[in-house]
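Trainee: Chain by chain, the residues:
Protein chains: 2
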Amino acid sequence: MNGLQGYKGLALEILSKANVKIGDNIRILRDGDVFEGILMPRIELGDPNHIVIKLSNGYNIGVKVTAQTKIEKVESKLTPKESMIEFKVEEKENLPTVFILGTGGTIASKVEYRTGAVYPSLSTEDLYRAVPELSSLAKIKTKVLFSIFSENLTPKHWSEIAKSIAKIIDEEKVDGVVVAHGTDTMGYTAAALSFAFQNLPVPIVLVGSQRSSDRPSSDAALNLIGAVRTAAYAPFAEVVVAMHEWVADESIVLHRGTKVRKCHTSRRDAFQSVNAQPLARIVEDKIIMLTDEYRRRNNKEKIILKPDFNEKVALIKFYPGLNPEIIDWFVEKKFLGIVFEGTGLGHVGRNCFDSIKKAVDSGLVVAMTSQCIWGSVRMTVYDTGRDLLSLGVIPLEDMLPETALVKMMWAFGQTLTPEKVKQIMLTNLAGEFSGRIPL
Amino acid sequence: MNGLQGYKGLALEILSKANVKIGDNIRILRDGDVFEGILMPRIELGDPNHIVIKLSNGYNIGVKVTAQTKIEKVESKLTPKESMIEFKVEEKENLPTVFILGTGGTIASKVEYRTGAVYPSLSTEDLYRAVPELSSLAKIKTKVLFSIFSENLTPKHWSEIAKSIAKIIDEEKVDGVVVAHGTDTMGYTAAALSFAFQNLPVPIVLVGSQRSSDRPSSDAALNLIGAVRTAAYAPFAEVVVAMHEWVADESIVLHRGTKVRKCHTSRRDAFQSVNAQPLARIVEDKIIMLTDEYRRRNNKEKIILKPDFNEKVALIKFYPGLNPEIIDWFVEKKFLGIVFEGTGLGHVGRNCFDSIKKAVDSGLVVAMTSQCIWGSVRMTVYDTGRDLLSLGVIPLEDMLPETALVKMMWAFGQTLTPEKVKQIMLTNLAGEFSGRIPL
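Chains as they are written, first to last, in this note's numbering: chain A, 1 to 439; chain B, 1 to 439.
For the record, the hints were derived by calculation from the structure and aren't laboratory data.
No residue lacks a Cβ here, since even glycine has one placed at the ideal position from N, Cα and C.
Heads up, some of the hints might be wrong.
[Stated by the list, open to error] With a straight-line Cα cutoff of 30 Å, these simulated DSSO-like cross-link-like pairs (lysine-lysine) come out: (1) A/357 / B/156; (2) B/333 / A/312; (3) A/333 / B/357; (4) A/334 / B/358; (5) B/333 / A/357; (6) A/163 / A/357; (7) B/54 / B/8; (8) A/334 / B/333; (9) B/334 / A/312; (10) B/357 / A/334; (11) B/17 / A/156; (12) B/64 / B/17.
[What the hints assert, rightly or not] Chain A side only, calculated, beta carbon under 10 Å to chain B, not exhaustive: (13) 184; (14) 185; (15) 311; (16) 312; (17) 315; (18) 320; (19) 349.
With the sequences and hints as input, model every part of the structure.
Mentor: This is the structure in structure tokens:
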């Protein structure tokens, strides 16, 4: 460790020449521009031509350097930590109140700039310091519910999140709730919360970050500002996901919780509305509605909480060569339902028919979605689809496979009667079917 | 049945008024335009403002009608069937030879215009009649290998297709092979053929149709012309999928067999290259290469056939609440390998770790892809990924989950030694990893 952790190439060369190390206050002079701040480590392999500094307002920025760029060490009587503490929070009166609930993920973490370690941090002060814009948008309250990589969240955690949110809405006077969440399974949780609440009075906004906040390319600040703006001011009371609309750090898009899917491993615009328009976009300080079909915000509504999920539901992606005994296994294990990700318009191979019949005869609810992701299941077009329908398989139109799984887990959390679950699956509860008005 | 099967709305009204029925020769007069042909039935629910006629050249067209459109019955001494037989095939000399192998699907079927029934049809005469352009492009030979909805194809069928193609290339003097295939699992078969051949001398082009050829919106003709043109003239010798580039009936795009996926249930441009540029586009009669990295066509090459696949490989899509015992079940059932569709950068919940460890300890090859579909697995960024790597899970970068499954089935068809399979999985054999030159 030479005190310039993570730097390489030109940036390392220039920093070494200036004899500075991470944590130092430095000044970067480039083509007449001057940048001043604390030199930050690079956590991941990045562009070797960028130097990252933390500005006095708490922001990190990446400065692209050239061979002509000069670096100076700035003497400061304050330690870096103290200089950050100077930041003053000014809370305005009469702002809406937004509650930020932390569940984990990059968005709710802070990078210790000396070690590069990432730890959960969601105090109001930390947030105001990291993203000063928040203090002029809303009065923020925060709570860390848990701090879990989202791939480790289970339906039990969805219940806990739902109960916490209902409690917050019931007990605190809030104008909206933001849920900071890891992006890996944020789509699943968004669907879960969409079904867990009825009569929502205010918006619930899930937000994540595809790049950690120590990176110059981080999307955390804009996403968080967008989520808080939505929670505070959006005209709707639905569960949505707020993320970048495009790779540029310019606009946010609000996806309906039942129609959203993570469609890229790393891009900032990884989340996409599938088979649906997003609900709204945010450009600068404006929330632009993209549809008039939404549930209106109404603080007088009394939230109805239905937080139970039953994990005895399986998602099976069909593929050539799939062993149909896997279907029998779920029946033997007393599962209650199966959602298939079939091919095309909603098909599986004929070699699965016997096992599907056994499953249906044993009382399991079997439903069909498409692994194409886009488009709609239409099981009346070909023999395969018609035969599956006659076996009792339920066609779920354009519902996302992931949403269908979550919905069936939720349905079996409400009732164990297969006929009722079928009815629930075919009813548009939270916009999960496009082109049909939700109840 | 009133003799106007499938028609409704304005079209039905106008046709009824003219007292014509399906199978009649009719003349449509619309705004000075005149269309003449045999009135065809509408098989599926379509736009109520279109009338479909079969022109004397064998083509079907849809004519949009207005309230002012007039219909006349045309007396004809020929029965509709005879009038179609008039079509003459003119085979040109010195054209390249293309072999079309039928496996099933909409593209290889013909609609009986009186009954609406769909039956397999792939005689050269039928093809020339349906798509007259083909006769000026290539000398066509055809064979129906089987006629199966593609959701019923299994790895055993992939082997049969591969063996048939190798035989055709060995025994017939062909400049390329077209495989007519149902679209449901065409992506899987394209990947399978990509691995089954080495030293390909000529292109192998899979082609399908999203709309049956009796529909005015059918994509069958343009796709087939594009596929034959590719087989006859493309400069590369790779396995590709030829389908519509966009919804308009204008251009064809050629996707590399290992990078293509059906991403919409019904759109004509359902097939997309994922994490890769397509190899080429076809606009009018031009094949426009989009990359210079491809295997060159070379008739002197001697094809190497490796047609074996082992079905003891499973694809598991991870989701919150997944019961890890399913992993144990595959181990008990003596499966050889598992491909995970993990979340985000390549994660599964920590509750699966014990079962994954057991699987690896039992000698299974366990590999990781992402259910995001787009982007690349990167398992060194977070603890979950690093822990999975240390359990022995193989990261498959940007390989499609479906391609990874097919490739592992193929790898275990070549060797039963896990270490060799791992090595195969990490080697770029047919462009399955982007940004790496295939061997």
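Trainee: Next, verify each hint and record whether it holds.
Mentor: The hints, checked one at a time:
1. For the proposed pair residue 357 of chain A and residue 156 of chain B, the alpha carbon gap of about 25 Å is at most 30 Å, so the pair holds.
2. Among the hinted pairs, residue 333 of chain B with residue 312 of chain A is consistent with the structure: their alpha-carbon atoms are about 22 Å apart, no more than 30 Å.
3. Between residue 333 of chain A and residue 357 of chain B the alpha-carbon distance is near 22 Å, which keeps this suggested pair within the 30 Å criterion.
4. A threshold of 30 Å between alpha carbons decides the hint, and for residue 334 of chain A with residue 358 of chain B the separation of about 24 Å falls inside it, so the pair holds.
5. A threshold of 30 Å between alpha carbons decides the hint, and for residue 333 of chain B with residue 357 of chain A the separation of about 22 Å falls inside it, so the pair holds.
6. With a C-alpha separation of about 38 Å, the suggested pair residue 163 of chain A and residue 357 of chain A falls outside the 30 Å cut-off, and the hint is violated.
7. For a cut-off of 30 Å, the pair hint linking residue 54 of chain B to residue 8 of chain B stands: about 19 Å separates their Cα positions.
8. For the hint pairing residue 334 of chain A with residue 333 of chain B, the CA-to-CA distance comes to about 19 Å; that is within 30 Å, so the pair holds.
9. Pair hint residue 334 of chain B plus residue 312 of chain A holds up; C-alpha atoms about 25 Å apart against a cutoff of 30 Å.
10. With a C-alpha separation of about 26 Å, the suggested pair residue 357 of chain B and residue 334 of chain A falls inside the 30 Å cut-off, and the hint holds.
11. Between residue 17 of chain B and residue 156 of chain A the CA atoms are separated by roughly 64 Å; this puts the pair beyond 30 Å, and the hint is violated.
12. Restraint check for residue 64 of chain B and residue 17 of chain B: the C-alpha separation of about 17 Å stays at or below 30 Å, so the hint holds.
13. The criterion of a C-beta within 10 Å of any C-beta in chain B is met by residue 184 of chain A, whose closest approach is roughly 4 Å, and the hint holds.
14. A distance limit of 10 Å between C-beta atoms decides the matter here; for residue 185 of chain A the minimum to chain B is near 5 Å, and the interface restraint holds.
15. Taking 10 Å as the C-beta contact cut-off toward chain B, the hint placing residue 311 of chain A at the interface holds, the least distance being around 4 Å.
16. Interface hint status for residue 312 of chain A: upheld, as the beta-carbon distance to the closest one in chain B is roughly 9 Å, under 10 Å.
17. At a threshold of 10 Å, the smallest CB-CB gap from residue 315 of chain A to chain B is about 5 Å, leaving the interface hint in force.
18. Interface hint at residue 320 of chain A: satisfied, since its Cβ lies 5 Å from the closest Cβ of chain B, which is below the 10 Å cut-off.
19. The interface hint given for residue 349 of chain A is met, as the beta carbon of that residue sits about 5 Å from the closest beta carbon of chain B, less than 10 Å.
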